[in-house]
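> Note that the protein sequences, when read in sequence, are chains H and X. Quick note: the first sequence uses my numbering, first residue 1, plus one each step. Quick note: the second sequence uses my numbering, first residue 1, plus one each step.
A few of these clues could be false.
Computed footprint of chain X on chain H; a stretch qualifies when at least three of its residues, placed anywhere within it, have a C-beta under 8 angstroms from a C-beta of chain X [what the hints assert, rightly or not]: (1) 73–80; (2) 87–98.
Among chain H residues calculated to face chain X with C-beta under 10 angstroms, some are [unchecked claim]: (3) Glu50; (4) Tyr104; (5) Leu281; (6) Gln285.
Subject to a maximum C-alpha distance of 27 angstroms in a straight line, what follows is the list of computed DSS-like cross-link-like pairs (lysine-lysine) [said to hold, decoys possible]: (7) H:Lys135 / X:Lys97; (8) X:Lys85 / H:Lys122; (9) X:Lys85 / H:Lys135.
Just so you know, the hints here were simulated from the structure itself, not pulled from any lab data. It should be emphasised that the depicted structure is a prediction, and the values quoted were computed from it without experimental measurement. Cβ atoms here follow ideal geometry from the backbone N, Cα and C, with glycine treated the same way.
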Amino acid sequence: MAIIEVDGLVKRYGDRTVVDGVSFAVEPGEIFGILGPNGAGKTTTVECVEGLRTPDGGAVQVCGINPRHDTGELRQLLGAQLQESELPDKLTVREALELFSSFYREPADWRELVDTLRLDDKLGTQFRRLSGGQKQRLSIALALVGNPRVAVLDELTTGLDPQARRDTWDLIEDVRDRGVTILLVTHFMEEAERLCDRLAVIDSGRLVALDTPAGLVARIDDRQRIRFRPSAPLDHALLTALPEVTLVERAGNQLVVTGTGNLLLAVTTVLARNQVVAADLRVEQTSLEDAFVALTGRPVEA
Amino acid sequence: MSTLSRLTVTETRLFFREPMIVFFALAFPPILLAIFGAIPSFREPDQSLGGLRVIDLYVPIVVAMSLAMFALNSLSQLFASYREKGVLRRMRTTPVKPAMMLGAQLLMSTILSVLTMAVVLAVGRLAFDVRLPGQPAAYLLGYLLAALAMFAIGLLVASLAPSGKSATAVGTVLFFPIVFFAGLWLPRDNMNDVLRTISDLTPLGAGVQALQDATAGHWPQPLHLAVMLGWTIVAGGLAARYFRWE
Chain H
1 MAIIEVDGLV KRYGDRTVVD GVSFAVEPGE IFGILGPNGA GKTTTVECVE
51 GLRTPDGGAV QVCGINPRHD TGELRQLLGA QLQESELPDK LTVREALELF
101 SSFYREPADW RELVDTLRLD DKLGTQFRRL SGGQKQRLSI ALALVGNPRV
151 AVLDELTTGL DPQARRDTWD LIEDVRDRGV TILLVTHFME EAERLCDRLA
201 VIDSGRLVAL DTPAGLVARI DDRQRIRFRP SAPLDHALLT ALPEVTLVER
251 AGNQLVVTGT GNLLLAVTTV LARNQVVAAD LRVEQTSLED AFVALTGRPV
301 EA
Chain X
1 MSTLSRLTVT ETRLFFREPM IVFFALAFPP ILLAIFGAIP SFREPDQSLG
51 GLRVIDLYVP IVVAMSLAMF ALNSLSQLFA SYREKGVLRR MRTTPVKPAM
101 MLGAQLLMST ILSVLTMAVV LAVGRLAFDV RLPGQPAAYL LGYLLAALAM
151 FAIGLLVASL APSGKSATAV GTVLFFPIVF FAGLWLPRDN MNDVLRTISD
201 LTPLGAGVQA LQDATAGHWP QPLHLAVMLG WTIVAGGLAA RYFRWE
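Construct all of the structure, not just a fragment, from the sequences and the given hints.
In structure tokens:
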């Protein structure tokens, strides 16, 4: 049974429809991603799940609860990390954790969270003195301190340096391994590809695709591209004769071979037979980024 | 410990980490009273004041001023900046209702301002022999109504101001006329009829008169109670109407 169900969600601001009939269901224990360009309606969608906004149409259920009707119970079951939300400047890490854990019926042990999030040496530090990464980790700790069944994380790693981003990803996988279902909002392809079991791609308020990252990529096509520098001149016709090859191009001293299926094996076999060595060989596969462009007609960062 | 008391304790800790706000809200009123008391002529009984001394008039004025400081300096600025920074929004995702945050702030402001009032009364009594309220129940009633009216105005400022900084600016602009009509520069007894009539209709003009009446052993006049209640209802209603958690 799904732990989060969103069915035909509609949300308007004035006469602008920001979310237009989005439906998806998140299974327990999943890391479910909502991916889309800025302004696509991702945050509004999760705000309806969090009960912060009232939908104009459709239905939302979290753990069998309607977020608008039983808000009190929802707050116990759902932990949220919001985009751009801060704490009072002079509140210390310890005070924030003690305060927030006092809000919940069965709080998690915040000391353990602090260890996992490597904030243990920052307990006495005031919020304003934390680095961006530390603030983000505290924000994750506060989202988890109530022992939630569902954690909603909005633009989790925005503004973090690459190392902090990777650390955060590891952490999210740990959290999932503890049995917390995670709804992740992101516009980072790499993050979606690395973390999410399934992805909902949203563009201009509509759901354009719902699949695993690999499924989304496969949906586009299985075209591959091989680049290499041949050690000796090679007749292109030898390659174009292969059924796997659709196109052979020359780019400077490199050859670019485009094709499908087991392209690499086919090409290297021909090369070996002709005693040509392929230097600087690279295989390029369709990435989630390509899939996104194909689905929405534009790059995600636009 | 209940959530409300834990929030109040946390808010109070944060309050004491802001030295400027602490100084103006807690220390400044007794210091100001001490300075007024140091002026010799303020300690002379004045026939035109019915035998009272100027320092006698200033005790309720300083008490009222400290309420204005809490409401227009600390409360409005704190709340507007919490909203600006998304603290209130963050709270909304927890089991704590944001109204509880408001409750904690009001509770803290009330406790601390009652404390300041007690210190001001004590300084007046011990240093300058100002009599304590003859009618303590009436004094407390007047004080509470004045506090309610001022906190409602402070929350209205917090509701309308787009940011913590603008709340501070608006609060400061409102502070001066409000304490002027409370009599900070010219005690009500020295005001002309026009000024005093206006003062009667302001929250702290009415408040100061109610405190002064209670000090003299009388119950406050219905007009002043009604004025304070009116400000509470109108400002509080508007604050509730325009309040935004984010």
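> Give a verdict on every hint.
Here is how each hint holds up against the structure:
1. Interface restraint, the segment 73–80 of chain H with chain X: holds (5 residues with C-beta to C-beta distance below 8 angstroms; minimum three).
2. Check result for the segment 87–98 of chain H against chain X: holds, 5 residues qualifying (beta carbon to beta carbon below 8 angstroms, three or more required).
3. Taking 10 angstroms as the C-beta contact cut-off toward chain X, the hint placing Glu50 (chain H) at the interface holds, the least distance being around 6 angstroms.
4. Annotation: interface hint on Tyr104 (chain H) holds; nearest CB of chain X at approximately 6 angstroms, less than 10 angstroms.
5. The beta carbon of Leu281 (chain H) comes no nearer than 50 angstroms to any beta carbon in chain X, farther than 10 angstroms, and the hint placing it at the interface is violated.
6. Below 10 angstroms, beta-carbon pairs count as interface contacts, and Gln285 (chain H) has none with chain X, the closest being about 39 angstroms; its hint is therefore violated.
7. A hinted pair counts as satisfied when its Cα atoms are at most 27 angstroms apart, and Lys135 (chain H) with Lys97 (chain X) qualifies at roughly 23 angstroms.
8. The suggested pairing of Lys85 (chain X) with Lys122 (chain H) holds, with an alpha-carbon distance near 22 angstroms, which does not exceed 27 angstroms.
9. Taken as a hint, the Lys85 (chain X) and Lys135 (chain H) pair is honoured in the structure, with Cα atoms around 13 angstroms apart against an allowance of 27 angstroms.
Hint compliance for this structure: hints 5, 6 are not met, and every other hint is.
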